[in-house]
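Single-letter residue listing:
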Amino acid sequence: MIRDSDDVIVKTLARLLMPFIVGFALYVLMHGHHSPGGGFQGGVILAAGFVLLCVSFGLQWTQRWMTRKTAELFSSIGVFIYGGIGVLCLILGGNYLDYGRLSRVLGVDVAEARSLGILGVEIGVALAVMAVMCTLFFMIFTAVDESGGQGGEQ
Amino acid sequence: MTTFFLFIGIAMCVLVLLCLYRATMGPNVLNRTAGISAIGTKTLIILLIMGIVYDRIDMFVDISMVYALLNFIGCLVLAKYLERSREVSC
Amino acid sequence: MEVTLLLEATENAFRIIERAREHALGLLDTAVQFTAEETHYEDQKRVHALFAGAQRRKTRFQNMVGTTVIMFGFWLLLSGIFDAFHLTLGFLCSALVGVLFHDLLFSNVRVGDMRVVAGRFIAYIPWLIEQIVLANIHVASLVIRPRMPIDPKVITFKSKLETDVSFVTLANSITLTPGTITMDIKDGVYYVHALSKKVADDLNTGEMEDRVAHIFMEADHLYVQDVLDAARLYQAMRI
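Protein chains in written order, with our numbering: chain A, 1 to 154; chain B, 1 to 90; chain C, 1 to 239.
It should be emphasised that the hints constitute simulated quantities derived from the structure, not laboratory data. Please note that a few of the clues may not be correct.
The calculated lysine to aspartate or glutamate pairs, modelled on DMTMM-like cross-linking and capped at a C-alpha distance of 25 Å, are [what the hints assert, rightly or not]:
| # | chain 1 | residue 1 | chain 2 | residue 2 |
| --- | --- | --- | --- | --- |
| 1 | B | 80 | A | 6 |
| 2 | C | 153 | C | 210 |
| 3 | A | 11 | C | 184 |
What the simulated footprint calls covered on chain A by chain B, stretch by stretch (three residues with Cβ under 8 Å from a Cβ of chain B suffice, anywhere in the stretch; the number is not a length) [unchecked claim]:
| # | segment |
| --- | --- |
| 4 | 18 to 28 |
| 5 | 70 to 82 |
| 6 | 125 to 132 |
Glycine included, every Cβ here is placed at the ideal spot set by N, Cα and C.
With the hints as constraints, model all of the structure from the sequences given.
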C-alpha cells in the first residue's frame with residue numbers, strides 16, 4: 001500500500017492541479033478533430049491525474065474516486081462503447097465503424113453523423129485507456145509492497 | 001523575428017546536450033534525475049519555439065502543456081520510488 | 001409507663017417514615033431534573049447537527065458551483081471555438097469536474113477573501129520576476145568565473161505563515177529564484193539549500209515571507225469573514 005506522503009508542497013499542488021488536469025484531459029478528448037489529441041491522449045492524461053493523486057495522497061484516499069473494481073468496470077464500458085458503435089453501423093447496413101450510416105439514427109446529415117460517431121468512439125477509447133492505465137499502476141505499486149519492499153522502511 | 005527564435009532554439013538544443021551529458025554520465029541517480037528534469041523543461045521551450053516558427057502556436061501550446069504535466073508527474077513518481085529504494089543512499 | 005413508651009416508639013417510626021419520604025421525593029426530583037436536562041441537551045445537539053448539516057451542504061454546493069465556473073473559464077481559455085455544440089460540451093465537462101472534485105480546489109479557503117487574494121497575488125508577480133532576474137544575473141556571474149566562488153549550505157528558518165497554500169507559494173517562490181531551492185517543510189520550518197552567501201542573506205531578510213503573508217491576509221489578522229459567519233449563525237439561532 002502506498003503510504004500517505006507528509007509533504008505539504010506536493011499535497012497542496014496535487015490538490016490544486018487535479019481539477020485542471022481532468023478539465024484539460026476532457027478538452028483534449030472533446031477537441032480531437034480540431035487540434036492534436038483524441039481518445040488515447042485524453043485517457044492518458046486522465047490516468048496521469050489519478051497517478052498524481054495516488055502518489056501524493058496514498059492509495060486509500062484515491063479509492064474515493066477510482067478503485068480497482070471501478071477501473072475494471074470502466075475498461076469494459078469503454079470497449080463496449082467502441083464495439084457498440086461499430087456493430088451499430090454494421091446493423092444499419094454499412095461497414096464496421098462506417099459512421100455515415102448513423103445519420104438515420106441520430107437524425108442529422110452524414111457529415112455531422114461522422115463527427116458525432118468519431119466523438120463517441122473517442123470517448124470509449126479514452127475510458128478504456130484510462131481504466132487500463134490505472135489498473136496497471138495500482139497493480140505495479142501494490143506488487144512492490146507485497147514482496148516485502150526493497151528496504152527503505154522507516 | 002523568426003531567425004531570432006531559431007537562434008534561441010539552437011541555443012536551447014546545445015543546453016539540452018549539456019544536460020544530456022549530466023544525465024548519462026552522472027555519478028549517481030540523483031544527478032541523472034535532475035538532468036532529466038532539466039531536459040524536460042528545455043524541451044517545453046523548444047516545442048513553443050517550434051510552434052512560433054511553424055506558425056501553429058495554438059497546437060503546440062497544447063502539446064507543451066501535456067509535456068509539462070507528464071514531466072512533473074514522472075519526476076514525482078521517480079522521486080517517490082527513489083525515496084523507498086536503497087539506491088538513494090549512494 | 002408502657003403506653004408512653006409505645007407512643008414514643010410510634011412517633012419515632014412516623015418521623016423515620018417522613019424523613020424517608022422526603023429523601024425519596026428529593027431523589028425523584030433530581031431524577032426528573034436530570035432527565036429533563038438530558039432531553040434538553042439531546043434537543044440542542046439535534047438542532048446543532050441540523051445547522052451543521054445545512055452549513056456543510058451549503059458549502060458543498062458553493063464549492064461545486066465555484067469549481068464548475070472556474071473549469072468553464074479554463075475551457076473557454078483553451079478551446080477558442082464558441083459554437084453552441086462545443087459550449088454545451090464544455091459546460092457538461094466542467095459540471096462533471098465540479099461534481100467529482102468539488103472539495104479539492106477550496107479545501108480551507110475563506111470564500112470572501114478570494115477577490116482580494118487574487119488581486120494581491122497578481123500584484124506580487126512583477127516583484128517576483130524582478131527578484132528572479134536579479135538572482136539570475138548573480139548566479140550566472142558566479143558560475144561563469146573559472147574559480148567558481150560558490151559556498152553551498154543549508155539554511156533553516158521558522159516561518160510565521162499559517163495555511164498550506166501560503167506555505168506552497170513561499171516554497172515555490174524560493175525555488176523559482178535561482179540559487180535557492182526549498183528542500184523540505186517540516187512543521188513550519190523551511191530547509192533551504194542556498195548556493196552562495198549573498199543569496200542566503202537575501203532570503204534571511206524575510207522580505208519575501210512578509211510579502212507572501214500580505215497576499216494571504218495573514219499579516220494583519222483581519223478575519224472579517226469569521227465575524228460575519230458567526231453573526232449569521234447567532235441570528236438564525238435566535239429565531
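Evaluated hints:
1. A threshold of 25 Å between alpha carbons decides the hint, and for residue 80 (chain B) with residue 6 (chain A) the separation of about 12 Å falls inside it, so the pair holds.
2. About 23 Å separates the Cα atoms of residue 153 (chain C) and residue 210 (chain C), which keeps this hinted pair within 25 Å; it holds.
3. Using a Cα cut-off of 25 Å, the hinted pair residue 11 (chain A) and residue 184 (chain C) holds, with the two alpha carbons roughly 13 Å apart.
4. Taking a C-beta to C-beta cut-off of 8 Å, the segment 18 to 28 of chain A contributes 3 residues in contact with chain B, enough for the three needed, and the coverage statement holds.
5. Under a criterion of three residues with beta carbons nearer than 8 Å to beta carbons of chain B, the stated coverage of the segment 70 to 82 of chain A fails, only 0 such residues being counted.
6. Only when three residues or more bring their CB closer than 8 Å to a CB of chain B does the claim for the segment 125 to 132 of chain A stand; here the count is 0, and the claim is violated.
The structure does not agree with the numbered hints 5 and 6 stated previously, though it agrees with the rest.
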